[in-house]
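If you want the building blocks of each chain, they are given just below.
2 protein chains.
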Amino acid sequence: MDLWQLTASEAGARMADGTLSSEAYTRACLARILEREPAVKAWAHLDAEGALSQARACDREPRRSPLHGLPVGLKDVIRTKDLPTTFNSPIYAGHHANEDAHSVAVLRALGAVVLGKTQTLEFACGGQFPQTCNPWDLSRTPGGSSSGSGAAVADGMVPLALGTQTGGSTIRPAAFCGVYGMKPTWGRIPFDGIKSFAPHLDTVGLFARSVDDLRLLLHAYALHDLPAPVVPGWRELRLGICRTPHWDEAEPQAHSAFEATLGRLRGAGVSLIELPWAPEFADINRWQDDIMQDGGRSAFWPEMLLEPDRLHADFKAKLQNHLGLTPERMRSSLDSVARCRMAFEQSMTDVDAVLGLSAPGVAPLGLQTQGMATFNRLWTALQVPCITMPALWSVEGLPMGLQLTHRRYEDHRLLEVAASLAPLLDLRKNPWN
Amino acid sequence: MDLWQLTASEAGARMADGTLSSEAYTRACLARILEREPAVKAWAHLDAEGALSQARACDREPRRSPLHGLPVGLKDVIRTKDLPTTFNSPIYAGHHANEDAHSVAVLRALGAVVLGKTQTLEFACGGQFPQTCNPWDLSRTPGGSSSGSGAAVADGMVPLALGTQTGGSTIRPAAFCGVYGMKPTWGRIPFDGIKSFAPHLDTVGLFARSVDDLRLLLHAYALHDLPAPVVPGWRELRLGICRTPHWDEAEPQAHSAFEATLGRLRGAGVSLIELPWAPEFADINRWQDDIMQDGGRSAFWPEMLLEPDRLHADFKAKLQNHLGLTPERMRSSLDSVARCRMAFEQSMTDVDAVLGLSAPGVAPLGLQTQGMATFNRLWTALQVPCITMPALWSVEGLPMGLQLTHRRYEDHRLLEVAASLAPLLDLRKNPWN
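Protein chains in written order, with the numbering used here: chain A, 724 to 1156; chain B, 724 to 1156.
If you are wondering where the hints come from, they were derived from the structure by calculation, not from laboratory data.
Every residue gets a Cβ at the ideal spot worked out from N, C-alpha and C, and that includes glycine.
Careful, some of the hints might be misleading.
[As the list claims (entries may be wrong)] Cβ-to-Cβ under 10 Å is the rule here; a few derived chain A residues that face chain B:
1) 820
2) 917
3) 920
4) 944
Chain A with its partners taken away, still in its complex shape:
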């Protein structure tokens, strides 16, 4: 087994017992990137020398945290003080911020090694697509908008990465790439230092290859509860099944993989409870879209004023209020979502988490799409935590993702439910095998 195949937790354990250096692990990740990047194109900016220099500094220092010495990738809408931050926008070509975003400052303070910036859909919103390919099938999108973070973690280039989610931009690429992804409760990791798109929705997202690695990040951001939530083993779990609106828009193979997984869970003795999904939730994706498009009415205003010729028509349409959003409609959409949020959380008081689809199926063919966020938008609007686990696979061996959700602020509990279910649901494979 090559070093780059280690998860962050595995590598961290070896670093803690002195059998692995940060430099060696970082060097292995860089070698993997050197080999695979021409095919996968996951990175917007890499600084191999800078990363190795950070790693060597880590090796000289006492360990600051379990993240000490571990490499991370950062979606290129997240500002960094050393590497460029360009949002995949021609307006920001060569741009350098001189401050780390909150989410980066925390990781760096805990000793993480910033490996580079990962590819993104322009402004995590629209416009220019990245050229990143799905490591499972290079002719397919890895999903987006956190395309590079999903692909790089899946392909063994880096064990951990940050993304963002405003529609489905973390859970979808994690699902399409067969890795773990987590969208924490809205607002719990400050968005400070990240280009915003729609403030009601914008959330920092986490990518990793194991539940243990997600836990590393959750603790890094101090999102764990004290005392830790008590989560029973999978035999005692009660899971809600949530066939969300647009369920029939998923591919038949997603449906059949989902039902097969339910059968497997039932067979193992897990209690499954069908949650009613009230008819008044039917329009929630449309309300989410109103809220998201409304964000776009403000988000790109400075770029419109300063660089209209280099601003993609996608953003101009949003600035021109192409949906014709009115104050009444915005209040109605926001309040409808708020009512759904209360109803959803009420509906799941008797279960330990809720299971659903992460994506409508496998990653679509081509790079001028990022797939649909149909099964993500509603959860983003609800601001609840979501984790996608690599539990559903197509017959041809492509990942689809199973989504677990919970109430707001139950990030830690949701993670421990995922950990409890991992013996049954972690069917992660690696594209390099």
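Starting from the known structure of chain A, arrange chain B on it as the hints suggest.
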């Protein structure tokens, strides 16, 4: 009349007809600052030469917008690419960002002249107080946390300024300083580039000396509706009266000034409707506090990791969850606020705006207080737009502020209601008279 006494709209009109240069107006503001700053201490960072150079550049260019050539002050939690951004924190002494916050980039793109950074409570949250004095009485606080923006606009140092509001940090200092202040609907001016404190609440705030000047800023941020809302003259207005929770905590002189104003409005023929304030709203300020303190559990985490010795105990307490907030309590507080929001907006469907107090009375004595946000927290939690007008004055001639509120997204309508009422309610005086 000295040039620095002109409002932004007045100065802008003279610039448009060629009778005033940006340089002359900027120079007049700088001269006023030179004279008054030793007493008022409104500024954290000033760059007179830089401002004059921007002004001269404006004078050479065609006018880009109605803001062209007009000086603005920026609260020092808002990042700027030229001036330092130090958050009144010893951790950031001498710190320079190299990017403008969204809210600054817009003003600069429209031709505004960035005069300097105004004093703030540390991180707009707690810790170290600014030394800024109230221009009406130097022994009193100007209010906070946007202390410098309120004092500088009131004292004729700059016609326009930006602040922020998470509790009462814009409306309160504007009220205590006798100027106009506006907290727009949450999220409509992106917070991108401003140090965040509590993401559900953080809002960019506007300071000015007239309704016309507030309108300049509203249009600059493209918050105006098309077509513009039709607002009748004051004779046809119907105003709701909202005696919010904690009404009895206001000073007797605030109560009597408020009642006298109602009498004056009634006498002028304005229809006044008492809005019921449901008993279930009683705890809204406590819910707002939960949401605000919860933000503090994350906001200062990088500083805690990097510079614990220079982080004030105030922030450490928040990081340690001094309120013992649980997931259940957070959901309860957030949902309670969401229900109040719907109920409030429903209650005012028949009125053109809602009147209430901006502050519990006049600015308190001393600089180790910023006064209470009792009459602001609820509106911040509701995310609705608020404007404070200089309509209430104490018998000794100190300003108190009358607050107008509306439904979310009715920023433009609220502003035009304030404009319609200005002939009756604009009792603005200047501290220099």
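#### Entry: Unsatisfied constraints (hint numbers, rising)
No hint contradicted; all consistent.
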